[in-house]
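*Asks:* One letter stands for each residue in the lines below.
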Amino acid sequence: NAGVMQNPRHLVRRRGQEARLRCSPMKGHSHVYWYRQLPEEGLKFMVYLQKENIIDESGMPKERFSAEFPKEGPSILRIQQVVRGDSAAYFCASSPLAVGSGSLYEQYFGPGTRLTVT
Amino acid sequence: GQQVMQIPQYQHVQEGEDFTTYCNSSTTLSNIQWYKQRPGGHPVFLIQLVKSGEVKKQKRLTFQFGEAKKNSSLHITATQTTDVGTYFCAGRAGNLIFGKGTKLSVKP
Chain A
-6 NAGVMQNPRH
4 LVRRRGQEAR
14 LRCSPMKGHS
24 HVYWYRQLPE
34 EGLKFMVYLQ
44 KENIIDESGM
54 PKERFSAEFP
64 KEGPSILRIQ
74 QVVRGDSAAY
84 FCASSPLAVG
94 SGSLYEQYFG
104 PGTRLTVT
Chain B
6 GQQVMQIPQY
16 QHVQEGEDFT
26 TYCNSSTTLS
36 NIQWYKQRPG
46 GHPVFLIQLV
56 KSGEVKKQKR
66 LTFQFGEAKK
76 NSSLHITATQ
86 TTDVGTYFCA
96 GRAGNLIFGK
106 GTKLSVKP
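These protein sequence lines are chains A and B, in that order.
Residue numbers -6 to 111, in the numbering used here, belong to the letters of the first sequence in order.
Residue numbers 6 to 113, in the numbering used here, belong to the letters of the second sequence in order.
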C-alpha cells in the first residue's frame, strides 16, 4: 500500500516563474491537506481539500497561491510568480475521513517538495 | 487566532538522559496529536490523545493530555540516538494547528 506521494521532491524556480506541486493521497483517502514548513519552523496549514472541493483555504495567501483536487488525478498546489520568500518545504497529508472536531484520524504525510526560488 | 506553543525549541541531551517537551494551547482542544520528524524527513504520526487527563505510553515515550485539555507533554525516558528529530504537537479546535516543534539532539 503506497503512502502519500509527492512530486517533484525538489523544485528550483527563478523569481516570477510558476511552481506546480503534486500530491497523490494514500489509496482510499479522499481528504488532502497542504502545509508549508520554513527552515527551523513548524508546519503551517494552508488548505484542506476533498475531491473537487476546497473545504478550508484560510491558511493560504490570497494572491498567487491556488489549490485543486480534481475528480481524477493528484491534488495540485500552484504558486504563480514565485518570490524568494516562497522557498520552503511543502508537505501534503491525507486522511481517510475529515479531520475535524471529534475525528480520531491522523494525517499521513508525504515526503514533501522542497521549493527553492533563486 | 488559536495558537499552540511548544517549549523548549531545542534540547540537547546526553544519551541515556530523559527528555520532555511541552505543548500549550490558547484554547481548549478537542484532541491533540504528536508527530516526529527526522532531519530531512517528513512528519510521522506518533499518537493521539482525546480524553481529559489521558496518559498513553509507547515503550520509552509517555504522552499526557492535561485535565483542562489545553496542554500536553511528551516524555522520553533514557534517550537513544534514534530519538533524534523534531517533535511536534498538533492541537485541534477546528483545523489541526501545529506547534513549532522541539528539536532534540542526542549526544552518544
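Just so you know, the hints here were simulated from the structure itself, not pulled from any lab data.
Some hints could be false.
Pairs of lysine-lysine, PhoX-like flavour, derived with a Cα cap of 25 angstroms [stated by the list, open to error]:
# : chain 1 : residue 1 : chain 2 : residue 2
1 : B       : K75       : A       : K20
2 : B       : K56       : B       : K112
3 : B       : K105      : B       : K62
4 : B       : K105      : A       : K55
5 : B       : K75       : B       : K112
6 : A       : K37       : B       : K105
7 : B       : K108      : A       : K37
8 : A       : K37       : B       : K75
9 : A       : K37       : A       : K55
*Asks:* Which numbered hints turn out to be false for this structure?
*Replies:* Violated hints (numbers, rising): 1, 2, 5; every other hint is consistent with the structure.
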